[in-house]
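Q: If you're matching them up, the sequences are chains A and B in order. Note that this note's numbering gives residue 72 to position 72 of the first sequence, counting from 1, and the numbers run on in steps of one. Note that this note's numbering gives residue 26 to position 26 of the second sequence, counting from 1, and the numbers run on in steps of one.
Please note that a few of the clues may not be correct.
Distance condition first, Cα-Cα at most 20 Å in a straight line; then the derived DMTMM-like pairs of lysine to aspartate or glutamate [stated by the list, open to error]:
1. B:42 with A:71
2. B:57 with B:79
3. B:71 with B:56
4. B:100 with A:59
5. B:68 with B:56
6. B:42 with A:26
7. B:58 with B:79
8. B:15 with B:56
9. B:100 with A:71
10. B:15 with B:79
11. B:42 with B:84
In case anyone wonders, no lab produced these hints; they're calculated from the structure.
As a plain string of letters, each chain reads:
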Amino acid sequence: SQTIHQWPATLVQPVGSPLSLECTVEGTSNPNLYWYRQAAGRGLQLLFYSVGIGQISSEVPQNLSASRPQDRQFILSSKKLLLSDSGFYLCAWKVSRRYNSPLHFGNGTRLTVT
Amino acid sequence: QQQVKQSPQSLIVQKGGISIINCAYENTAFDYFPWYQQFPGKGPALLIAIRPDVSEKKEGRFTISFNKSAKQFSLHIMDSQPGDSATYFCAAVGGTSYGKLTFGQGTILTVHP
Chain A
1 SQTIHQWPAT LVQPVGSPLS LECTVEGTSN PNLYWYRQAA GRGLQLLFYS VGIGQISSEV
61 PQNLSASRPQ DRQFILSSKK LLLSDSGFYL CAWKVSRRYN SPLHFGNGTR LTVT
Chain B
1 QQQVKQSPQS LIVQKGGISI INCAYENTAF DYFPWYQQFP GKGPALLIAI RPDVSEKKEG
61 RFTISFNKSA KQFSLHIMDS QPGDSATYFC AAVGGTSYGK LTFGQGTILT VHP
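Just chain B, with the same shape it has in the complex:
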């Protein structure tokens, strides 16, 4: 019940295309859903986050879509660029967990020029 399932494991997109990464969760106590971006040899960095009271959040080319009834959320990267090539992690956390994030397994995104 604590798992967050992320797909696909890897994704190859052409420059200018749309990258879509999906996550699903079971624990209804989760109420904060961040996405992290990790470049090789670096620690993950917060990219964008959403709460379940909204269905969509957009920041620049990055959009989170959230479906509370389906317990699913996804990251859309519009106009994907080679510089977006990285590993992306979805995560979830609830109020009784000492702030411990439950991470998905990650998606390795490669954007070809």
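Pulled out of the complex, with its shape left as it was, chain A reads as follows:
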């Protein structure tokens, strides 16, 4: 069966520090991968998506970047965190050849920038 792993679960970082959040998917190949951010009490904002290794599309210009160094690995990064980067970050995947296949989310990383 397919599983998605996201870590760390919580993270407290000072303003100006770097960030690296990692997500891996098991049990499937060539998935579409997504990074979402959820601010407190708000909806789901799509940040990046990837349809293959090295292929990254950005939805919102910002202080963050994403990379996909391996088929089932998706990384969210920042060189210098801002207070506004605080939020709940969710990685998700779906079967690539079926646009209407279910989107599966990880359990998220709660990031607090102080």
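Fit chain B to the known structure of chain A by using the hints.
A: Relative to chain A, chain B alone:
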């Protein structure tokens, strides 16, 4: 045109009551409409989904009603239970979007015992 508008933002229901959450969309290219349930501190999970060729889909206590002409769809939770207390998101996707879902803003449902 890409938005999905969801209402209400929050909903309080007594145990055993019916919870109703509504969504509306503009993009006629959308042809798959899932609902997600999210508990605090967890990622959203697929609850139920519908395609526009049917007007209603039921799974247990959860029912989606779909009105293609009005471009509206809704989630009904029958016999609501305290364990249903969560945030619910409607979403929509079309075939040219690389599977990117457009989510509604979410509804926080509280079911009182």
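Q: Evaluate each hint against the coordinates.
A: Results of checking the hints against the structure:
no., hint, result
1, B:42 with A:71, "24 Å, violated"
2, B:57 with B:79, "17 Å, holds"
3, B:71 with B:56, "14 Å, holds"
4, B:100 with A:59, "10 Å, holds"
5, B:68 with B:56, "11 Å, holds"
6, B:42 with A:26, "19 Å, holds"
7, B:58 with B:79, "14 Å, holds"
8, B:15 with B:56, "24 Å, violated"
9, B:100 with A:71, "18 Å, holds"
10, B:15 with B:79, "7 Å, holds"
11, B:42 with B:84, "14 Å, holds"
When the structure is compared with the earlier hints, violations turn up for hints 1, 8 and for no others.
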